[in-house]
Amino acid sequence: MDFLKRLGFYLVGLSIGIVFLTFFLKKKSEETGTEFCYFPNCRTLKDIRSKPMSYSEEVNRLFSEKKIDTLDILNILRNGDVDFSNSETKTTPCKTYIIEGSIKEREAILKIRNCKEKALLESISYP
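Each position in the sequence shown, counted from 1, maps to that position plus 2 in our numbering.
Certain hints may be false.
Stated by the list, open to error - Pairwise CB distance ranges, derived in the manner of DEER restraints: (1) F65 with K29: 35 to 41 Å; (2) F86 with G15: 35 to 41 Å; (3) C44 with Y12: 30 to 36 Å.
No lab work stands behind these hints: they were computed from the structure. Since this is a predicted model, take the numbers as computed values, not measurements. We put the beta carbon where it would ideally sit given N, CA and C, even for glycine.
Let's have the full structure, built from the sequences with the hints guiding it.
Listed below in structure tokens is the structure:
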């Protein structure tokens, strides 16, 4: 059997296996609610979401004025982008992250202090 035939059989088997695993793992993750976060952005947002969130006085004022909602914050923490170049990731005991996202179809920047046991939303700004 020549090389091209073997390569063809290999690629067909590989593609069938990838389709099977994708289907199987997607169904498994829907049932158990697990996520596969391997990229730094996803891992950072997942870590922040897993902790109890507290808010600064400035953010509480925005809540009381009904300018933002906790669902807006959760949406950014699920779909936002972490700006690692402007974040302070080497500080101890708490790291400060800058997260970009949208609130009510308007770009917003969150500044979150991520400690070991809780996360503090310090400010929300609009560029």
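Going through the hints against the structure:
no.	hint	result
1	F65 with K29: 35 to 41 Å	holds (38 Å)
2	F86 with G15: 35 to 41 Å	holds (39 Å)
3	C44 with Y12: 30 to 36 Å	holds (32 Å)
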